[in-house]
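If you read the sequences in order, they're chains D, S and P.
When you line the first sequence up against the numbering used here, it's residues 1 to 218, in that order.
When you line the second sequence up against the numbering used here, it's residues 1 to 405, in that order.
When you line the third sequence up against the numbering used here, it's residues 1 to 179, in that order.
Mixed in with the good hints there might be a few duds.
Unchecked claim - Within a straight-line C-alpha distance of at most 35 angstroms, the following computed DSBU-like cross-link-like pairs (lysine-lysine) qualify: (1) P:K156 / S:K151; (2) D:K84 / P:K86; (3) D:K84 / D:K146; (4) S:K287 / S:K151; (5) P:K159 / P:K169; (6) D:K60 / S:K52; (7) D:K160 / S:K325; (8) S:K52 / D:K40; (9) P:K86 / D:K160; (10) S:K52 / D:K146; (11) S:K52 / P:K103; (12) S:K246 / D:K60; (13) S:K287 / D:K189; (14) S:K151 / D:K40; (15) P:K86 / D:K146; (16) P:K86 / S:K52; (17) S:K287 / D:K84; (18) D:K189 / P:K86; (19) P:K169 / P:K103; (20) D:K40 / S:K287; (21) D:K160 / S:K52.
Claimed, not checked - Here are the computed distance ranges between Cβ atoms for each label pair: (22) S:I209 / D:D108: 33 to 41 angstroms; (23) P:R4 / D:S167: 51 to 59 angstroms; (24) S:T76 / D:T181: 17 to 25 angstroms; (25) S:V327 / D:S167: 22 to 30 angstroms.
These are calculated hints, taken from the structure and not from any lab test.
Virtual Cβ for every residue (Gly too), placed ideally from N, Cα, C.
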Amino acid sequence: MTAAADAAVPTPELAVLRGGPLERALARLSELGGRTSEFKGMLSMTLDRGVLVEALTAAKEAGLVMLTDVATVDYLTYPGHRGKRFVVIYNIHDLTGRERLFVRVELDEGETCPTATGVWRGADFLEREAYDMMGIVFEGHPNLRKLLTPEDLEGHPHRKDFPIGESPTLFNDGRFLDPATFRAGLMGKDAGLTGWKGGARDGVRSVQGTLPEEGGES
Amino acid sequence: MTTKAPPRQQEHAEGSFSTEYMRINVGPQHPSTHGVLRLVVDLDGEQIISLKPQIGYLHTGFEKTFEHRTYQQGVTYSNRMDYLHGFGHDLAYVLAVEKLMDSRVPIRAQRVRVILNELNRIASHLIFFGTGLLDMGALTPFFYTQREREKILDIFEMVSGVRMNYGYFRVGGLYQDTPEGFEEAVQAWYDDFWPHLEQYRTLWVGNDIVLARTQGVAVVSPEMAIDYALTGPSLRASGVNLDFRKAQPYSSYEDYSFDVPVYQEGDLWARMMIRFDEMVEAARIVKQALDLLEPGPVKDPDRRISLPPRHELENSMEAVIFHFKLVTEGFHPPKGEVYVPTESARGELGYYIVSDGGSMPYRVKVHAPSLANLQSLEPSSIGGLFADMVINIASFDPVLGDVDK
Amino acid sequence: MGLRDLFEKDVQELEAEGILFSSLQKLVAWGRSNSLWPATFGLACCAIEMMASTNPRTDMARMGSEVFRASPRQADVMIIAGRLSKKMAPVLTRVYQQMPDPKWVISMGACASSGGMFNNYAIVQNVDSVVPVDIFVPGCPPRPEALMYAVMQLQKKVKGEAFDERGVKLPMVEGWSRG
Numbered sequence: 001m002t003a004a005a006d007a008a009v010p011t012p013e014l015a016v017l018r019g020g021p022l023e024r025a026l027a028r029l030s031e032l033g034g035r036t037s038e039f040k041g042m043l044s045m046t047l048d049r050g051v052l053v054e055a056l057t058a059a060k061e062a063g064l065v066m067l068t069d070v071a072t073v074d075y076l077t078y079p080g081h082r083g084k085r086f087v088v089i090y091n092i093h094d095l096t097g098r099e100r101l102f103v104r105v106e107l108d109e110g111e112t113c114p115t116a117t118g119v120w121r122g123a124d125f126l127e128r129e130a131y132d133m134m135g136i137v138f139e140g141h142p143n144l145r146k147l148l149t150p151e152d153l154e155g156h157p158h159r160k161d162f163p164i165g166e167s168p169t170l171f172n173d174g175r176f177l178d179p180a181t182f183r184a185g186l187m188g189k190d191a192g193l194t195g196w197k198g199g200a201r202d203g204v205r206s207v208q209g210t211l212p213e214e215g216g217e218s
Numbered sequence: 001m002t003t004k005a006p007p008r009q010q011e012h013a014e015g016s017f018s019t020e021y022m023r024i025n026v027g028p029q030h031p032s033t034h035g036v037l038r039l040v041v042d043l044d045g046e047q048i049i050s051l052k053p054q055i056g057y058l059h060t061g062f063e064k065t066f067e068h069r070t071y072q073q074g075v076t077y078s079n080r081m082d083y084l085h086g087f088g089h090d091l092a093y094v095l096a097v098e099k100l101m102d103s104r105v106p107i108r109a110q111r112v113r114v115i116l117n118e119l120n121r122i123a124s125h126l127i128f129f130g131t132g133l134l135d136m137g138a139l140t141p142f143f144y145t146q147r148e149r150e151k152i153l154d155i156f157e158m159v160s161g162v163r164m165n166y167g168y169f170r171v172g173g174l175y176q177d178t179p180e181g182f183e184e185a186v187q188a189w190y191d192d193f194w195p196h197l198e199q200y201r202t203l204w205v206g207n208d209i210v211l212a213r214t215q216g217v218a219v220v221s222p223e224m225a226i227d228y229a230l231t232g233p234s235l236r237a238s239g240v241n242l243d244f245r246k247a248q249p250y251s252s253y254e255d256y257s258f259d260v261p262v263y264q265e266g267d268l269w270a271r272m273m274i275r276f277d278e279m280v281e282a283a284r285i286v287k288q289a290l291d292l293l294e295p296g297p298v299k300d301p302d303r304r305i306s307l308p309p310r311h312e313l314e315n316s317m318e319a320v321i322f323h324f325k326l327v328t329e330g331f332h333p334p335k336g337e338v339y340v341p342t343e344s345a346r347g348e349l350g351y352y353i354v355s356d357g358g359s360m361p362y363r364v365k366v367h368a369p370s371l372a373n374l375q376s377l378e379p380s381s382i383g384g385l386f387a388d389m390v391i392n393i394a395s396f397d398p399v400l401g402d403v404d405k
Numbered sequence: 001m002g003l004r005d006l007f008e009k010d011v012q013e014l015e016a017e018g019i020l021f022s023s024l025q026k027l028v029a030w031g032r033s034n035s036l037w038p039a040t041f042g043l044a045c046c047a048i049e050m051m052a053s054t055n056p057r058t059d060m061a062r063m064g065s066e067v068f069r070a071s072p073r074q075a076d077v078m079i080i081a082g083r084l085s086k087k088m089a090p091v092l093t094r095v096y097q098q099m100p101d102p103k104w105v106i107s108m109g110a111c112a113s114s115g116g117m118f119n120n121y122a123i124v125q126n127v128d129s130v131v132p133v134d135i136f137v138p139g140c141p142p143r144p145e146a147l148m149y150a151v152m153q154l155q156k157k158v159k160g161e162a163f164d165e166r167g168v169k170l171p172m173v174e175g176w177s178r179g
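Let the sequences and hints guide you as you build the complete structure.
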């Protein structure tokens with residue numbers, strides 16, 4: 001590898017292995033009504049919550065035997081989002097670590113999700129964390145209680161309508177600063193000083209500069 | 001004692017002998033837990049009947065905080081989660097954002113990242129041994145391993161200015177190039193490391209007391225490990241060969257040749273000794289990366305990600321504008337969700353980042369390996385002795401900042 | 001005999017006599033300052049630097065902190081090393097109350113002193129609101145040398161040689177107190 005040839009951040013082989021676990025799992029899950037989507041080499045399958053446990057069992061039998069994570073996203077303030085509010089993502093992969101699938105279930109406020117603890121006992125703490133942080137109830141979970149937050153904290157912190165709870169900075173001479181007004185950065189729905197919404201506008205692509213010849217950067 | 005012993009004849013005859021399990025609370029402030037971990041343990045004498053971890057005493061709200069900071073500011077927070085392998089978290093975070101931005105990181109930055117990451121892995125395993133043997137009652141190895149760790153921390157201080165909780169990795173590369181003397185310092189450390197490693201091998205790898213306390217204790221079978229979402233050295237100690245540096249190489253790991261140690265026993269001894277072999281392999285990777293290191297740029301030249309060099313600010317208006325926008329607002333990735341799995345000292349580490357096109361992430365979900373690893377504590381400790389549970393916690397190497405986020 | 005009086009006479013009688021008492025108090029303060037045994041309250045990253053301060057390189061034991069006692073009953077000073085979450089705050093109060101008098105608190109690091117970089121729902125923004133703090137140590141994390149300096153400042157405070165931020169001399173620790 002020469003110094004000038006800078007490697008890109010590697011994306012896993014998108015070409016799904018013929019006859020491999022991912023291909024079998026995708027076929028089986030499509031039969032159950034899953035919709036496939038792909039982004040930068042990552043494959044996701046969106047399913048109905050009624051067939052989730054069957055889908056996860058089928059994926060496990062197809063070879064995606066390891067559960068990594070149970071992630072949850074609250075799309076309340078996502079610009080341009082029209083679907084249900086929550087999504088629960090089961091991040092599963094096979095024993096070699098090369099084939100990975102994200103199984104997504106979309107839920108509305110108040111809808112429950114069936115638990116995956118019957119398929120992997122390791123989903124126990126992960127689903128409890130999802131319940132505690134996002135408020136998603138997992139039906140059939142043996143011990144669905146708060147995990148990380150204190151007992152007297154009401155609400156679910158990772159929801160978008162839960163405030164971050166910043167305290168203002170109070171100085172000795174009486175001034176106080178509100179942290180939110182000093183923050184850098186914008187959410188996707190904000191327009192910023194120039195009105196440019198950045199990547200949220202479709203068709204805008206980043207321009208790659210050229211690699212400078214001299215060594216070292218300031 | 002003037003009390004009489006209770007009549008045993010009567011009890012046997014009546015069959016009214018009853019026992020209760022003793023429920024004791026371990027922690028959250030306790031010298032043997034690796035942080036503020038609280039366990040509620042039911043004991044029958046010395047044997048453990050059930051064990052329930054209660055966590056959350058270090059919950060910091062990292063993921064919520066990420067949503068209120070720009071992507072570049074997020075690097076400040078990521079290494080405070082797993083503070084023993086801070087560069088691992090930094091690397092996982094910047095790799096995910098770079099994937100989202102389609103950023104090209106120069107090769108020198110990738111190699112320096114690997115060197116620092118592996119040095120940090122060795123430092124983390126040194127603390128593992130120090131505290132693990134401390135839990136067994138051996139007080140001296142703690143000071144020996146701290147001595148080695150101080151030399152590694154000197155290298156980190158040379159590079160980033162701090163011994164712990166660095167701010168050296170950036171999205172798009174590194175903060176600045178390594179100072180003069182960095183390569184000599186790493187080479188000097190490498191030459192100095194092997195005699196000490198041999199000293200440790202003599203001290204505790206074949207030690208009778210260590211063997212007696214750890215062999216055959218708290219066995220985790222491969223099926224149990226996969227079922228309980230175990231990753232990292234603890235999983236490899238049970239026979240499953242899964243290492244993301246080999247499975248999905250990132251940041252130039254494909255250029256180095258190293259072995260992944262796998263043990264079949266799955267007991268405490270395997271979980272402890274596998275980290276010893278990992279230290280050896282990590283040192284080999286450091287040497288190979290150091291030999292392949294060549295001068296070059298350390299930041300992605302893409303002006304929308306990295307700040308422009310200072311001499312350009314005098315001449316070019318566009319550079320000033322880019323600088324202004326990057327500092328006040330930050331860069332805007334496209335909408336989408338990414339996940340990049342990496343291998344930290346504890347297991348599979350990945351950041352699931354959801355971007356809404358703004359300059360702050362919409363949602364960051366950290367898959368922290370210690371939380372999933374902690375679930376294996378209960379099935380492997382049940383039926384064992386209380387004193388073994390203490391070392392068992394040490395063997396899964398949880399870091400509570402990682403567990404509680 | 002002066003020493004025998006200590007065992008036989010009442011404290012009020014000794015106080016009336018004056019001179020022996022004050023030099024005895026200084027002796028006790030000197031002894032207390034040079035044998036501060038910390039209670040382990042390592043929470044997060046600062047705990048690792050606290051452990052690192054017991055290194056051979058930065059030897060905290062030469063300040064008298066020979067052992068970090070796990071039991072608060074045997075400890076003099078509590079070093080709160082790390083970010084205090086709101087779930088952990090009652091535990092901190094309980095451990096502090098279990099420590100016998102005289103006791104001191106060192107708030108180590110930015111997170112313990114002011115919430116640090118975490119200004120959110122989960123972190124207590126100043127440990128002083130939970131327990132009375134004697135020494136604040138800035139840093140993220142503070143170097144072991146910084147913690148050593150903090151212990152030296154605490155030693156001065158215990159002996160009565162320290163000044164607070166307004167220049168007022170802080171009193172020496174009491175040799176013994178009634179009730």
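Verification of the hints:
Only pairs whose Cα atoms come within 35 angstroms are accepted, and K156 of chain P paired with K151 of chain S is accepted, the gap being roughly 32 angstroms. With a C-alpha separation of about 33 angstroms, the suggested pair K84 of chain D and K86 of chain P falls inside the 35 angstroms cut-off, and the hint holds. Distance hint between K84 of chain D and K146 of chain D is fulfilled; the C-alpha atoms sit about 24 angstroms from each other, no more than 35 angstroms. Restraint check: the Cα-Cα separation between K287 of chain S and K151 of chain S comes to about 16 angstroms, which is no more than 35 angstroms; the hinted pair holds.
Distance restraint check for K159 of chain P and K169 of chain P: the Cα-Cα separation of roughly 11 angstroms lies within the 35 angstroms cut-off, and the hinted pair is therefore satisfied. For the given pair, K60 of chain D sits about 27 angstroms from K52 of chain S by alpha-carbon distance, which is consistent with the 35 angstroms threshold. Between K160 of chain D and K325 of chain S the CA atoms are separated by roughly 26 angstroms; this keeps the pair inside 35 angstroms, and the hint holds. A threshold of 35 angstroms between alpha carbons decides the hint, and for K52 of chain S with K40 of chain D the separation of about 40 angstroms lies outside it, so the pair is violated.
For the hint pairing K86 of chain P with K160 of chain D, the CA-to-CA distance comes to about 21 angstroms; that is within 35 angstroms, so the pair holds. For the hint pairing K52 of chain S with K146 of chain D, the CA-to-CA distance comes to about 13 angstroms; that is within 35 angstroms, so the pair holds. Between K52 of chain S and K103 of chain P the CA atoms are separated by roughly 33 angstroms; this keeps the pair inside 35 angstroms, and the hint holds. In summary, the hint linking K246 of chain S to K60 of chain D is supported, as the alpha carbons are separated by about 23 angstroms, within the 35 angstroms threshold.
For the given pair, K287 of chain S sits about 47 angstroms from K189 of chain D by alpha-carbon distance, which is inconsistent with the 35 angstroms threshold. For the given pair, K151 of chain S sits about 40 angstroms from K40 of chain D by alpha-carbon distance, which is inconsistent with the 35 angstroms threshold. As the CA atoms of K86 of chain P and K146 of chain D are separated by approximately 15 angstroms, the hinted pair is consistent with the 35 angstroms bound. At most 35 angstroms may separate the alpha-carbon atoms for a hinted pair to count; K86 of chain P and K52 of chain S meet this at roughly 21 angstroms.
At roughly 51 angstroms between alpha-carbon atoms, K287 of chain S and K84 of chain D are farther apart than 35 angstroms, so this suggested pair is violated. Restraint check for K189 of chain D and K86 of chain P: satisfied, since their Cα atoms lie roughly 32 angstroms apart, inside the 35 angstroms limit. For the hint pairing K169 of chain P with K103 of chain P, the CA-to-CA distance comes to about 19 angstroms; that is within 35 angstroms, so the pair holds. Taken as a hint, the K40 of chain D and K287 of chain S pair is honoured in the structure, with Cα atoms around 33 angstroms apart against an allowance of 35 angstroms.
Under the criterion of a C-alpha separation no larger than 35 angstroms, the hint pairing K160 of chain D with K52 of chain S is consistent with the structure, at around 31 angstroms. Evaluation of the 33 to 41 angstroms hint for I209 of chain S and D108 of chain D yields a failure: the beta carbon distance comes to about 58 angstroms. Range check, R4 of chain P to S167 of chain D: Cβ separation about 58 angstroms, and the 51 to 59 angstroms hint holds. A C-beta distance of roughly 20 angstroms is found between T76 of chain S and T181 of chain D, which places it inside the suggested range of 17 to 25 angstroms.
Distance hint check for V327 of chain S and S167 of chain D: the Cβ-Cβ separation is about 26 angstroms, which falls inside the suggested range of 22 to 30 angstroms.
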